[in-house]
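Asker: Given next are the chains, with one letter for each unit.
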Amino acid sequence: METVLSIQKLTKNFGKLCAVNQLDLEVKRGQVFGMLGPNGSGKTTTLGMLMGVTNPSSGSFSWFGEPSTHLTRKKIGAVLEHPIFYPYLSGQKNLELNAMIKGANPANIVKVLDIVELSARKDDKYRTYSLGMKQRLAIASALVSDPIILILDEPTNGLDPMGIAEIREIVKRIAADGKTIILASHLLDEVQKVCTHFAVLRRGKLMHSGPVDEVGKGEETVEVMAYHDDLPVLLQEFIGSATIKKENGIFQVMMKDGFHSQDLNKFLFEKGIITSHLITKKKTLEKQFLEILAEAH
Amino acid sequence: MLHLLKIDLKKMTSYRTFWVICGLYFITLGFSTASGMEILKWIASKFEDFGSSLNVNRIPLYHFPDIWQNLIWFSGLFKLVLSIMVVISITNEYQYRTLRQNIIDGMSRFEFVLSKVLTNLLLSVMSVGMLLLIVMVTGLIYTPELIWSDILVGTEFLLAYFIEIFAFLSYALMLGVFVQRSGLTIVLLMLSHMIEAIIKVNLFRESLNPSIGWLKQFFPLESITNLVPLPFARYAFQEIQDYVSITAVAIALGWTFLFNYFSYLKLKKADI
Ligand SMILES: Nc1ncnc2c1ncn2[C@@H]1O[C@H](COP(=O)(O)OP(=O)(O)O)[C@@H](O)[C@H]1O
Ligand SMILES: [Mg+2]
Numbered sequence: 001m002e003t004v005l006s007i008q009k010l011t012k013n014f015g016k017l018c019a020v021n022q023l024d025l026e027v028k029r030g031q032v033f034g035m036l037g038p039n040g041s042g043k044t045t046t047l048g049m050l051m052g053v054t055n056p057s058s059g060s061f062s063w064f065g066e067p068s069t070h071l072t073r074k075k076i077g078a079v080l081e082h083p084i085f086y087p088y089l090s091g092q093k094n095l096e097l098n099a100m101i102k103g104a105n106p107a108n109i110v111k112v113l114d115i116v117e118l119s120a121r122k123d124d125k126y127r128t129y130s131l132g133m134k135q136r137l138a139i140a141s142a143l144v145s146d147p148i149i150l151i152l153d154e155p156t157n158g159l160d161p162m163g164i165a166e167i168r169e170i171v172k173r174i175a176a177d178g179k180t181i182i183l184a185s186h187l188l189d190e191v192q193k194v195c196t197h198f199a200v201l202r203r204g205k206l207m208h209s210g211p212v213d214e215v216g217k218g219e220e221t222v223e224v225m226a227y228h229d230d231l232p233v234l235l236q237e238f239i240g241s242a243t244i245k246k247e248n249g250i251f252q253v254m255m256k257d258g259f260h261s262q263d264l265n266k267f268l269f270e271k272g273i274i275t276s277h278l279i280t281k282k283k284t285l286e287k288q289f290l291e292i293l294a295e296a297h
Numbered sequence: 001m002l003h004l005l006k007i008d009l010k011k012m013t014s015y016r017t018f019w020v021i022c023g024l025y026f027i028t029l030g031f032s033t034a035s036g037m038e039i040l041k042w043i044a045s046k047f048e049d050f051g052s053s054l055n056v057n058r059i060p061l062y063h064f065p066d067i068w069q070n071l072i073w074f075s076g077l078f079k080l081v082l083s084i085m086v087v088i089s090i091t092n093e094y095q096y097r098t099l100r101q102n103i104i105d106g107m108s109r110f111e112f113v114l115s116k117v118l119t120n121l122l123l124s125v126m127s128v129g130m131l132l133l134i135v136m137v138t139g140l141i142y143t144p145e146l147i148w149s150d151i152l153v154g155t156e157f158l159l160a161y162f163i164e165i166f167a168f169l170s171y172a173l174m175l176g177v178f179v180q181r182s183g184l185t186i187v188l189l190m191l192s193h194m195i196e197a198i199i200k201v202n203l204f205r206e207s208l209n210p211s212i213g214w215l216k217q218f219f220p221l222e223s224i225t226n227l228v229p230l231p232f233a234r235y236a237f238q239e240i241q242d243y244v245s246i247t248a249v250a251i252a253l254g255w256t257f258l259f260n261y262f263s264y265l266k267l268k269k270a271d272i
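Note that the protein sequences, when read in sequence, are chains B and C. Read left to right, the first sequence gives residues 1 to 297 (this note's numbering). Read left to right, the second sequence gives residues 1 to 272 (this note's numbering).
Worth flagging that the hints you see were computed from the coordinates, not collected in a lab. Wrong hints could be hidden among the right ones.
Once the Cα atoms are required to be at most 25 Å apart in a straight line, the calculated PhoX-like pairs of lysine-lysine come out as [what the hints assert, rightly or not]:
1) B/Lys122 to C/Lys6
2) B/Lys75 to C/Lys10
3) B/Lys75 to B/Lys172
4) C/Lys6 to B/Lys16
5) B/Lys266 to B/Lys281
6) B/Lys125 to C/Lys10
7) B/Lys122 to C/Lys10
8) C/Lys269 to B/Lys9
9) C/Lys10 to B/Lys134
10) B/Lys125 to C/Lys269
11) B/Lys74 to C/Lys269
12) B/Lys75 to C/Lys6
13) C/Lys268 to C/Lys10
14) C/Lys268 to B/Lys74
15) B/Lys111 to B/Lys122
16) B/Lys74 to C/Lys6
Full structure from sequences and hints, please.
Answerer: As structure tokens, then:
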């Protein structure tokens, strides 16, 4: 699949603080790519560099296989951190301005206002909008040039549950249209619900990157112990076992998809073995991410 | 180019403050320059009430060719009003962070600066146009014996006026780019002449080093002031410079280029 964005060793230092540290990433056409990381992990800084507002300290990146210029940016729709508009202009006038800068067809404005359901309020001044409306106008402005790529940075931040659901719905609809989307978020749940691929950042460093379905499906591990010599043999026999390891005298059984600790327990019980120790360990990837995301900032 | 100008004007034309300040500028500029003669006449009529007489035509304020330098020098005083508009326009972009979004949307940093510079050019051209109109109308009304060659004699001041306005607006833009906060920028803008004067006084105490007095004309704000010399002393029978000096034009143009170039340099390097 065609690579739209390729990042090599991208780094940004703010004085002593290394906000983005030797980041390597690839985003391919059609992906909904999540950048997951706690607050302060360098998501916005990375996107700022990709969009030409933050100067990288070192490293490089290319859009569509070419070094980035302001002309490249016209083909990308992006909202970083907060919606930014002229408060004294109406939503409509703000979008007209965005379209002028991007060299977009002004006829698109009607369409994008419709997508984000703001048509009724388009002539009101931006400063009278609610936060949810501001976020939606931001998505509209990113869409106005019918871009190949859409970049959204915490698009649901600060919204109530209904606003969050609305925005996610909009993002999914846009993704279904075949656009490539890069979505930065500190919510695992959001990335899982919306994205196809993702990368995890922590203090500016890339911790993991891969498809999203790995996370949800990640096998369960069960720690098990019983005072019975046949235990290793029976664990092998159990059809739900993927791999079995012995650590400190305790067996670690990685379960196949769809099998859980209760299935193993039932199997052993039917074979006449009563366990003395049985612990379900969370799906490993998810647990790891939740730890990273819960990190104090 | 035209596209960039249109973008910047689009930001302004639905902005009430823009219309208030520009309206204030062009209306006061128009009225105060055009009404000078009527005020003189009014003063003269008061004098007559007291039994003395004052012949307003003895002071050829509004006669070609004097009128060019007289009105243009006077109009130069109003450029501060216009420059406040320029400051608000650029500092808004920082305050609302719209500069950041403009770049994200695909403007280059050079194009952004250029769009502001083009608006400055337009405002300067409009000021010149306004002045041309007022000078022609009032000059034709008040000049007692019209000699056509006299009308053309002072037109060089129009060019000097254009540079004066554009240079000062460029200075205001640069100040805004560096300071980024509207209130502080406006205060600095108003104090600029004073600050420069203090520096000059301390640098050029005649007793200290009389040989470098000629350097004064190279100071940025002085160079702008030098474009159109104060004309009124001639009515007290003093010699004045009644032409535009090429050196003054060259120095002011040099500064104008530098002001805009510094704006660009600052923006080019910054994280925004
Ligand atoms: N302009 C700046 N000057 C100094 N430090 C900054 C600046 N912008 C961001 N940072 C720091 O860089 C780190 C990463 O920030 P950011 O990219 O905003 O994280 P995220 O978007 O993941 O929440 C944070 O520690 C933040 O305080
Ligand atoms: Mg952020």
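Asker: Let me make sure I understand: some of the numbered hints might not hold for this structure. Which ones are they, in numerical order?
Answerer: 4 and 10
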